[in-house]
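There are 2 protein chains.
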Amino acid sequence: MEKTKIFLDENDMPKRWYNIQADLPKPLPPVYSPRTLKRATLEELSVIFPMEILKQEVSQERWINIPKEILDIYAVWRPSPLYRAVRLEKALKTPAKIYFKWEGVSPAGSHKPNTAVPQAYYNMKEGTQTITTETGAGQWGSALSYATSLFDITCRVYMVRVSYDQKPYRRNLIHLWGAEVFPSPSDRTNSGRSMLQEDPNHPGSLGIAISEAVEDAATHDETKYSLGSVLNHVCMHQTVLGLESKEQLKMEESYPDIVIGCVGGGSNFSGISFPFLHDKLKGDKKDLRVVAVEPYSCPTLTKGMYAFDYGDSTKLGPIAKMYTLGHDFVPPGIHAGGLRYHGDSPIVSALYDQKIIEAQAYHQNEVFEAAILFAQTEGHVLAPETAHAVKSAIEEAKKCKQTGEEKVILFSASGHGHFDLTSYELYRDGKLADYEYPAELVKQSLQRLPKIEED
Amino acid sequence: MEKTKIFLDENDMPKRWYNIQADLPKPLPPVYSPRTLKRATLEELSVIFPMEILKQEVSQERWINIPKEILDIYAVWRPSPLYRAVRLEKALKTPAKIYFKWEGVSPAGSHKPNTAVPQAYYNMKEGTQTITTETGAGQWGSALSYATSLFDITCRVYMVRVSYDQKPYRRNLIHLWGAEVFPSPSDRTNSGRSMLQEDPNHPGSLGIAISEAVEDAATHDETKYSLGSVLNHVCMHQTVLGLESKEQLKMEESYPDIVIGCVGGGSNFSGISFPFLHDKLKGDKKDLRVVAVEPYSCPTLTKGMYAFDYGDSTKLGPIAKMYTLGHDFVPPGIHAGGLRYHGDSPIVSALYDQKIIEAQAYHQNEVFEAAILFAQTEGHVLAPETAHAVKSAIEEAKKCKQTGEEKVILFSASGHGHFDLTSYELYRDGKLADYEYPAELVKQSLQRLPKIEED
Chain C
-9 MEKTKIFLDE
1 NDMPKRWYNI
11 QADLPKPLPP
21 VYSPRTLKRA
31 TLEELSVIFP
41 MEILKQEVSQ
51 ERWINIPKEI
61 LDIYAVWRPS
71 PLYRAVRLEK
81 ALKTPAKIYF
91 KWEGVSPAGS
101 HKPNTAVPQA
111 YYNMKEGTQT
121 ITTETGAGQW
131 GSALSYATSL
141 FDITCRVYMV
151 RVSYDQKPYR
161 RNLIHLWGAE
171 VFPSPSDRTN
181 SGRSMLQEDP
191 NHPGSLGIAI
201 SEAVEDAATH
211 DETKYSLGSV
221 LNHVCMHQTV
231 LGLESKEQLK
241 MEESYPDIVI
251 GCVGGGSNFS
261 GISFPFLHDK
271 LKGDKKDLRV
281 VAVEPYSCPT
291 LTKGMYAFDY
301 GDSTKLGPIA
311 KMYTLGHDFV
321 PPGIHAGGLR
331 YHGDSPIVSA
341 LYDQKIIEAQ
351 AYHQNEVFEA
361 AILFAQTEGH
371 VLAPETAHAV
381 KSAIEEAKKC
391 KQTGEEKVIL
401 FSASGHGHFD
411 LTSYELYRDG
421 KLADYEYPAE
431 LVKQSLQRLP
441 KIEED
Chain U
-9 MEKTKIFLDE
1 NDMPKRWYNI
11 QADLPKPLPP
21 VYSPRTLKRA
31 TLEELSVIFP
41 MEILKQEVSQ
51 ERWINIPKEI
61 LDIYAVWRPS
71 PLYRAVRLEK
81 ALKTPAKIYF
91 KWEGVSPAGS
101 HKPNTAVPQA
111 YYNMKEGTQT
121 ITTETGAGQW
131 GSALSYATSL
141 FDITCRVYMV
151 RVSYDQKPYR
161 RNLIHLWGAE
171 VFPSPSDRTN
181 SGRSMLQEDP
191 NHPGSLGIAI
201 SEAVEDAATH
211 DETKYSLGSV
221 LNHVCMHQTV
231 LGLESKEQLK
241 MEESYPDIVI
251 GCVGGGSNFS
261 GISFPFLHDK
271 LKGDKKDLRV
281 VAVEPYSCPT
291 LTKGMYAFDY
301 GDSTKLGPIA
311 KMYTLGHDFV
321 PPGIHAGGLR
331 YHGDSPIVSA
341 LYDQKIIEAQ
351 AYHQNEVFEA
361 AILFAQTEGH
371 VLAPETAHAV
381 KSAIEEAKKC
391 KQTGEEKVIL
401 FSASGHGHFD
411 LTSYELYRDG
421 KLADYEYPAE
431 LVKQSLQRLP
441 KIEED
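Residue numbers (the numbering used here), protein chains in the order written: chain C, -9 to 445; chain U, -9 to 445.
Hints are supplied without guarantee of correctness; some may be wrong.
Copies of one chain are not kept apart here, so a pair can be met inside one copy or by any two copies together.
With a straight-line Cα cutoff of 30 Å, these simulated DSS-like cross-link-like pairs (lysine-lysine) come out [to be verified]: (1) K80 with K58; (2) K80 with K5; (3) K433 with K45; (4) K(-5) with K58.
I should point out that these hints are in silico values taken from the structure, not numbers from a laboratory.
Using the sequences and the hints given, assemble the complete structure.
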């Protein structure tokens, strides 16, 4: 019988993360302080991050060992299964072989715990008592809540108010693992209070929630801040995705022609693709295509500018060089909330700038259509974010049908959509809008980038 | 590294279901017609069930081959992982070894597709165009919707109206896989219309929904009815659970001292336990304890009567000998909706009557407390139904702590609780009631059992 799932034995789980910084054609530009507009110092950053995390952020070592305590917890859902999407292939009548890495099996239901667990662990080692963070739809907040519960760390999550009210299930999930969750803007911070003064019914935004979480961490002892994407160490933690996939494909005597991931901040995309890009950067797999997929309404890579910008809309976080639509650009309210970020991982941005990877953008209705075809063939219900990767994989497989090529396509199925069923229902009822790309807004936003003098 | 998960290779998946009827100390009593109160004929039953299903229902063969087409689909989530609950053991400071079989990985999120897929398959083989069914909270309706989508069968689900209104997510899930779902009582059937005439805002009940689904099947061509629990063939399809667990424990050189499953209609419990009971019935494992766990507010085994009764409250379904609280008993509205059934599988009932298995009952608050300890140690969020099994496993492990015995405890983690987070939140807020056992109601209900003259 041809296999549907390729399992990797727990004992063969990767023992090291892959740090692509060691292999980049040129080093990443430095990070700047939002306060001084000069290079950010370790001292500044150490107010909100533990030292081991900061070391990993700038490390040039190719491999970083995963501590045993983290491997033990990874084993709850790792190695995750790699699937061959035989029924989807059949429905598409394509000669392509489609594989997907299924991260929906983690307790929080996505790839996010892959970095939440190490971040909580390193904080615990350095004596952190409380970790603060922000969350939009709640994917990251629930993953961090799970991770902190394992190390007896208190966790405070600032959740964008409109999601807090509209998505009670993820809020409940955060509670279930023992974290506190506050609707943001809250009256717990100066940032929050000033927003509430402007508008007592303020719906909130990811930018404001970040400000609240950072302020909370900076103003309390033994309290640090944690980010679920974008940063180098986060992308590195996610490389377990690609490392496992590589081993699993090897068991099938296969190697991908195309690797696909959806991109919000970039951590899931980094995770699935960096271990394969390792081969390409070495010159071994020159024809490998790596595709980042984003929503048409928040097209950071495909329409943004490669420039220095703030990581958050309220200018509290560090300034990095990245593809950006402008730190105060607010994307239309699509249902793939995890992809509504104005910027992108500095590493992913550098790779795109150097034409090592490609990018594609899709509208949400065509993305949901793809997810429903996937659910009706492969069974699993995907998060709307993940559905962007499926859409791209289907398009590539259709091309193979035309050309007759038996390409191997790998995509990251980064999370389940069990808390997104309302969005599926809206799609079914024809009630989802496809937003035009807000070109004028972005143009204005890009005029407000910080002026950095590179040294 | 000690393993957290024990995977069985897809090629080692069981190729046969185990039919415990071949090994029962005495044969099951026959089934009677609700219309004639005489033995039900195959002809009567074949109006709503396909022939292969009816054959399996009465088969005395010990092993029944699983067709390749079904194995191919099982491979989407089977073999499911067997976990060693190391963190839970540590939290309990118990010398016991706790294993759980994790069925939350299936597309519909529970063990239900294990029988939905074969039922849809056999219907397809016999030319069924449409399958009707009822669903309470939606676990079964979504599983059948998934299964029918794979065989291009139309599916109509009658969903208890109060759940239809309160649990939109599972209703959406049914839609996503392409089935139709109607709030019951509906105006589509005589049964439904008569209820709506009594009360236009009727909240519905599982009994009424069954009547609607059965009537729909009986009055339409090429339309059959499908049940998700109770019946012999359903329990048999679920034995893949126990057969896989047995292989997985063998890989650990282990065998359970105690096997635990929650019981509503009995299919999940049957699935995990029958393959182990096979050994006990042969005389090989005389000391094996098998524990069925039910809610205190619907204590079918622990407080019910072993008698002939209707399977549904509106007396349309066959009459079988089983433990029952009376077919018109309506249990209190606990959150483990899947365990609110007045009766129990005839096989499970016979085993209990013959003291081959044990039964326990718990209140819902202590059950949720156990589920939260589980989530905070093992990560996974369990369905409230499944949480009954966890509660029992924890109690057994605590006993081992007192006696120092290193017992091996296996329980079925039959489904995830991603659509039950509101219930967890109510527990957290101290808003869940523990219902007294409704002894007087049951007493009255038991006076209305059908009078069957055994021949």
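| How would you label the pair K80, K5 (within, between, both, or neither) given a Cα cut-off of 30 Å? | between (36 Å within a copy, 24 Å between copies)
| said: If the cut is 30 Å between Cα atoms, do K80 and K58 qualify within a copy, between copies, both or neither? | reply: Classified as between: cross-chain Cα gap 17 Å, same-chain 42 Å, threshold 30 Å.
| Between the shortest in-copy and the shortest cross-copy C-alpha distance, which are at most 30 Å for K433 and K45: within, between, both, or neither? | neither (36 Å within a copy, 70 Å between copies)
| said: Please sort K(-5) with K58 into within, between, both or neither, judging by C-alpha distance up to 30 Å. | reply: both (27 Å within a copy, 16 Å between copies)
Checked against the numbered hints above, the structure breaks only hint 3 and satisfies the rest.
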